[in-house]
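*Asks:* What follows is the residue order along each chain.
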Amino acid sequence: MAKVCLLLPVLLVLSSMGHVELSEHQRLYRHAADRMKSLHLMAVNMISDFEESLPEDRRAPSKIFLLSHCISDSIPAPSHKDETQRSSVLRLLRTSFRLIETWEYPSQAFSGAFLNSLGPNVITEKLNDLKMGVNLLIGDFLNGQPDMEGNDSLPLPFEDFYLYLEDNDLSKSYRLMACFRKDMHRIETFIRMASCRRSADSNCTL
Amino acid sequence: MAAIQALFIGFLLVHDVAMQGLSPTFKDQSQTPYLTGCVSRAMESFYCSWSVGTFQNLTEPRDLKLFYMFQDMISPKKWLECPQYTLLREKECRFDREHTQIWTPYKIQLRSRDQDVVYDEVQFTVENIVYPDPPVGLNWTFLSVGMTKMYTDVVVSWEPPPSAAIEVGVGWLALEYETQYRETGSATWNILNADKETKKFIYGLRTNTDYEIRVRCKMKGFMNFSNFSDSLMINIPATESRVPIAVGFVLTAVGFAVIGMLVLVTRQKKLMVIFLPPIPGPKIRGIDPELFQKGKLSDLTSILTTHAVLRSDLYNDDSWIEFIELDIDKPNETEQDLETAFLIDHSASSSDSTHLINDFRDDDSGRASCCEQDLPDPDTVECRNLMLSSASVLDPTATPQTGAAFQDSWSGTPDLYAQVRQVTLSGEVVLTPEEQSHRREVMNKRYKPKCDQTTKEPEFHVRVLGDSDERGNTSEPDNNNMSTNQSTDRSTSTSLPLDDVNGAPRQPLMGYQEPQVAPATAPELTGPPSSALASPPEYTVVDGTDPQNSLLLRSNTPMAPSSSHMKQMPSLEGYLSPDLLDSIAF
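If you're matching them up, the sequences are chains A and B in order. The letter at position 62 of the first sequence is residue 62 when you use full-length UniProt numbering, and the numbering goes up by one with no holes. The letter at position 216 of the second sequence is residue 216 when you use full-length UniProt numbering, and the numbering goes up by one with no holes.
Keep in mind the hints are simulated off the structure, nothing from the lab. There's no promise every hint is true.
As the list claims (entries may be wrong) - Computed cross-link-like contacts, DSS-like style, restricted to lysine-lysine with a CA-CA straight-line distance of at most 27 Å:
hint	chain 1	residue 1	chain 2	residue 2
1	A	K172	B	K107
2	A	K172	B	K220
3	B	K218	A	K37
4	B	K196	A	K37
5	A	K131	A	K37
6	B	K218	A	K126
7	B	K78	B	K107
8	B	K77	B	K65
9	A	K131	B	K196
10	B	K65	A	K172
11	B	K77	A	K37
12	A	K172	B	K78
13	B	K196	A	K126
14	B	K199	A	K37
15	B	K149	A	K126
16	B	K107	A	K131
17	B	K149	B	K196
18	B	K199	B	K149
To be verified - Now the in silico label distances, taken between C-beta atoms and shown as ranges:
hint	chain 1	residue 1	chain 2	residue 2	range
19	A	L54	B	R62	38 to 44 Å
20	B	L251	A	D34	41 to 47 Å
21	B	S144	A	R27	55 to 61 Å
22	A	M1	B	F201	33 to 39 Å
Ideal placement from N, C-alpha and C gives every residue a C-beta, glycine not left out.
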């Protein structure tokens, strides 16, 4: 009986700490989701501004060269809704992390031409910040446990992938931006689903 | 010419419409079958539909086939046929979840039965063809109305489309809702900013006006809006706002009443003190400001004089400032002091006046202790005591015993004689200034009452001279003057401690004025023969002291003192002890 009395306050403290811990990683997810939303909107605006800058006669063909041959195609990622929902939170976070990594170098091409008002390397900085945030989410999920699936030693895609495609300048630019927007939307969806899964909302487990 | 232009314009328009369609087509829709578009409702499945166009002979099923292929780098380049043709309408191909890959480019082709003719082809990714269903369940709630009852605010709420409700719930699909409203009959819609909330606040709607509200949604980050929801018709009559206004008026009146009551109540001093405490005034440490208000100057002056800080201001180095005690204002206190003086005297020594003399100490400059007006200085009391003692010497009823004691005490005291020139109204006896320095020196050696201001001042004591025999026995011819006085003087002589007649600053001889000399007579005591006096010295007998402690001098009858007094004082031989003096007085 005395032991139970001693354990009760300990349990209360642990439960309160659990609540605190939940709110902390919810905060991390919220931060990551906000940053992701910002990047996605930047990608969308980038493409729309690019299309508006094109002359009228050249806008139609640009839409044909949509999203084929993106660099992120080589990264295994869930593409179905059910598959995504069946994936673990850790897999979603790791996939997001790798997708961000694939854009660290190619995003430097965005500075200058399309985002003059925002300044140089804005997207690269935001990507780095987001990468750090996703890393925190992975660490928070693992909670000190060793990462068994990580460090797969899968090589990153060829960094100069986009440069060696047989595209003219217009197609090259459009492909880059289209692939970027697609990947941003994908990462945003993964993070959103992981956040919903980690929250106490029962709807997310459907 | 005009027809050609019309055809050309029509062609441009058609082409433009075709380009703005859901999916690009390469064929003129008026001739060949074409894909009307591929649509996804919740980004988990999609369907593509087509039209036969003008080829009416292709109404049979499977006259047209749809093939698709993934165009990413990892998927095999293989055409696959539509996974599911709809049964009801054979012009639609449905891709279920298994065959729906998001973020993967699709290539869709509409082919003929033989697959040798490709009528139409489109490329897309599923997220770009998401057109959600419109939201449902529009409802509105009254929020508030303005004071003028002309404008009101409402809250409109809805539900996400049922086909995407699950996807929205799990976070797979993020929708944004755009609200539009207009007055019924107006052509322009008011468009509000889209956000992810399923409710919207609409402000500034006019009362008694029909409004139409509609909502549509789209996927966040994309431009494909859904169709509009069913419009919501609202009309807020002005009468509905009267009730809250009446309540507002009532509440306002109640509030004013409460405030008025508070004002009336707070006029009472107690509550005023509670709510608005008085600001404390400046305080001098040790002094209560109420003394100023109540006018108790006596207490205030006592505080000021006793206060160490203030005392230093009062007693500065101005030595020319004299402090005179005025006993006119305080007759009662003087009587009390005298009573205490006598008490002290009795307690100190019963018959021996040596203690009285020895108790006199002049341990200060002589000013401080005597300058305090209100403090009954025990030294001044002793001074008065001495005065009284001196006065009692003159009492003819004094006993011989005390006289002997007094003689002993006074044995070492040289006899001092001085001529009393004048007795002032204030009780001072003015003596002729003769041999004052010598007398002063002698007196200061043996007897230094505290009442002296300084040791420099002369002192003259009242003494009653008796027979010459006693005089001869007791006195010591310290100076010739004295001996001369002894030999020639046979009457009583009085000497009083006086101020220096030369005009030196008077001392605060507080107690010296107590035994006031009755100004009935003006006895004159001549000094020693060395003084340049024309008239022979005159001596006045002190009859005694009156109740006011003043010396009663006999009328000027030289050489003829009253026999009664002489008789009464034969044994004394002119010397009275302080005890005798006390007995005379009381």
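*Asks:* Now tell me, hint by hint, if it's right for this structure.
*Replies:* Against the structure, the hints come out as follows:
no. : hint                       : result
1   : A:K172 x B:K107            : holds, 20 Å
2   : A:K172 x B:K220            : holds, 26 Å
3   : B:K218 x A:K37             : holds, 15 Å
4   : B:K196 x A:K37             : holds, 13 Å
5   : A:K131 x A:K37             : holds, 14 Å
6   : B:K218 x A:K126            : holds, 26 Å
7   : B:K78 x B:K107             : holds, 11 Å
8   : B:K77 x B:K65              : holds, 18 Å
9   : A:K131 x B:K196            : holds, 26 Å
10  : B:K65 x A:K172             : violated, 33 Å
11  : B:K77 x A:K37              : violated, 34 Å
12  : A:K172 x B:K78             : holds, 25 Å
13  : B:K196 x A:K126            : holds, 23 Å
14  : B:K199 x A:K37             : holds, 21 Å
15  : B:K149 x A:K126            : violated, 50 Å
16  : B:K107 x A:K131            : violated, 33 Å
17  : B:K149 x B:K196            : violated, 32 Å
18  : B:K199 x B:K149            : holds, 24 Å
19  : A:L54 x B:R62: 38 to 44 Å  : holds, 41 Å
20  : B:L251 x A:D34: 41 to 47 Å : holds, 43 Å
21  : B:S144 x A:R27: 55 to 61 Å : violated, 34 Å
22  : A:M1 x B:F201: 33 to 39 Å  : violated, 57 Å
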